[in-house]
Amino acid sequence: MRSYIIRRLLQSLIVIKGVLLIVFFMLQMTGDPASVLMPEGADQEDIEQFRKEMGFDLPLHVQYINFLVGYKENKGVLRGDFGFSYHQELPALGLVLDHFPATALLAFTAVTIAVLISIPAGVISAVYRNSLADHVTTVGAMFGQSMPGFWLGLLLIMLFAVKLEWLPTSGADGLEYLILPALTAGLYATARLTRLVRSGMLEVLGSDYIQTARSKGLLEHVVVFRHALKNASIPVVTLIGLEMGILLGGTVVVEVVFSWPGVGFLVVDSIRNQDYPVVQAAVALLATSFVLVNLAVDILYAWLDPRITYS
Amino acid sequence: MATERIETISVPPETWEEDTPAPSDLQLAVRDLMRRPPALFGFLCITFVIVWALVPGWFSPMDPYTQDLDMTLKPPGFTTPAGFTYWVGSDELGRDMLSRIIWGARVSLIVGFVAVLLSGMIGMTLGLVSGYYGGLVDTIISRIVDIALSVPFILLAMSIIAILGPSLQNVILAMAVRTWIVYARPIRGAILSAKEFEYVVGAKASGCRTPRILVRHLLPNVLSTAIVIATLYLGRMIIIEASLSFLGVGVPPPTPSWGGMLADGRSFLDTAWWLALFPGLALMFTVLGVNLLGDWIRDALDPRMKRLAD
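So the protein sequences, as listed, match chains H and X.
The first sequence lines up with residues 72 to 382 when you count with this note's numbering.
The second sequence lines up with residues 3 to 312 when you count with this note's numbering.
No lab work stands behind these hints, which were simulated from the structure alone.
A hint or two may mislead.
Result set (DMTMM-like, lysine to aspartate or glutamate): computed pairs, CA atoms no more than 20 Å apart in a straight line [unchecked claim]: (1) Lys88/H - Asp140/X; (2) Lys301/H - Asp369/H; (3) Lys88/H - Asp148/X; (4) Lys234/H - Asp272/X; (5) Lys146/H - Glu160/H; (6) Lys123/H - Asp103/H; (7) Lys123/H - Glu144/H; (8) Lys197/X - Asp140/X; (9) Lys234/H - Glu247/H.
Make a model of the complete structure from these sequences and hints.
Set out below in structure tokens:
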């Protein structure tokens with residue numbers, strides 16, 4: 072187990088290194104970083120001076136090393152220095168970190184909603200197979216998987232904010248502001264989890280040990296919850312973790328729909344303003360958190376299911 | 003004498019075919035489709051949208067670009083003094099929403115299909131090479147897959163489009179850059195076991211050259227896996243294209259796209275609900291159709307792959 076964890080940790084480090092390489096090339100892909108980062112209408116002399124100052128005139132591999140370990144005043148991304156946001160005149164990483172709790176809160180709430188809906192729905196659907204409840208759940212999950220999240224967001228705003236005036240349209244001033252964005256962001260995860268719980272439960276309910284449990288005369292709810300759900304939950308736990316990781320970087324559109332002040336909202340704004348240091352810091356941070364969540368899920372999975380070999 | 007006996011026992015093929023013609027694969031597929039209402043519904047949705055995308059001129063009541071500033075934000079069913087009816091309303095520039103929705107099918111389907119095909123070709127090639135050669139090549143490709151997987155899809159696509167400039171090609175490219183990995187991993191796995199099959203080892207032993215082994219012997223093995231993945235991702239690609247258009251980094255206006263129309267609709271949620279409703283419906287039923295039909299294709303090709311979908 073310990074060597075497995077160490078190996079997965081090393082793998083994760085390699086991935087993060089690769090992500091930093093992509094992040095480095097993002098700015099290089101613009102063709103000329105110096106003129107992209109300078110304000111529009113800056114004269115050629117200033118751009119040249121800025122190029123020298125930032126080391127953009129150096130060979131590419133030297134630039135990459137400088138990007139990692141620092142150059143002149145810049146301490147390098149390995150020490151958390153992604154440079155300055157040229158638009159807001161603040162350190163890029165600090166700006167992203169300020170927006171990160173909002174995104175994490177949204178992703179966490181969305182996953183919580185997804186779990187609270189999908190586990191009962193999936194269990195009922197599997198236990199009462201081919202009943203009306205099962206059909207409603209299956210069709211609902213199919214629609215949920217086919218519906219673009221941001222469109223659901225627009226519909227929810229129209230219904231609950233504009234028509235009924237129960238909830239605010241956008242912003243983040245309190246708990247009531249979280250409800251609609253979290254529902255929207257959780258839609259896809261809810262649909263996927265419901266399908267997984269249902270199919271997992273169906274598989275387990277048909278197995279021999281469930282027959283045995285029933286023939287021992289155990290109460291049906293003990294069979295369903297203690298015996299079946301517990302065994303069906305291993306892939307579900309994995310998917311919950313994965314959805315959490317995906318949502319950290321995947322709430323971008325929802326954040327824009329509801330003007331939710333998370334990292335996604337910040338990045339969309341920064342891309343429009345060509346504020347690349349912020350984009351770089353955000354992509355690096357979100358990718359790193361995705362890798363860490365995945366690492367945690369893998370370790371949890373190995374711990375939950377002793378049948379997994381660590382090779 | 004043995005041959006004579008066999009001839010008398012077996013029914014001569016001509017008469018057998020005359021009595022009960024063996025159904026062709028297509029006939030079997032059609033019959034099966036008829037027996038499964040969800041799949042049939044999906045098929046009808048998709049056929050409808052494909053016909054829209056192929057010949058939008060036949061269905062669209064008006065030119066999708068024609069503006070009429072006297073007729074802005076008219077509700078569904080509004081008839082102009084000249085006798086033209088806006089069946090699903092008009093937008094903020096007085097363009098006919100129905101015509102724009104019909105023409106908008108093009109962008110969704112072109113981007114969806116081409117992105118799935120392009121990423122499928124890249125992913126299959128890399129998956130084949132990675133699984134077949136193993137070793138360093140495999141390690142490098144697998145690491146690239148891990149890295150690409152960890153970068154948030156929409157952010158990567160947005161950044162690429164922002165850098166390269168918004169256009170149909172760049173949208174497709176930005177989506178393929180990230181999607182090929184969903185093919186590469188399962189195909190690599192399938193190749194790892196397929197390359198040990200006797201006929202592959204035999205082909206190698208008989209002096210078959212590597213490209214021939216890859217294309218003639220291994221590729222057919224993983225083709226159904228690739229098709230199943232494609233059916234799973236076509237719907238997602240269509241949604242991602244719409245999301246990019248919604249964020250303003252999709253195919254640039256005035257080309258009608260459902261995501262772009264929804265972005266316009268966002269500004270009029272309190273006054274003109276139809277702007278945000280109908281393009282979304284078109285989008286949802288297209289994706290629903292793709293997913294339902296995909297379920298059916300998946301069951302037909304490889305029932306074991308059902309788990310992948312869940």
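Evaluated hints:
no.	hint	in the structure
1	Lys88/H - Asp140/X	holds, 18 Å
2	Lys301/H - Asp369/H	holds, 18 Å
3	Lys88/H - Asp148/X	holds, 11 Å
4	Lys234/H - Asp272/X	holds, 8 Å
5	Lys146/H - Glu160/H	holds, 17 Å
6	Lys123/H - Asp103/H	holds, 13 Å
7	Lys123/H - Glu144/H	holds, 13 Å
8	Lys197/X - Asp140/X	holds, 14 Å
9	Lys234/H - Glu247/H	holds, 16 Å
Violation of the numbered hints given earlier is absent; every hint is satisfied by the structure.
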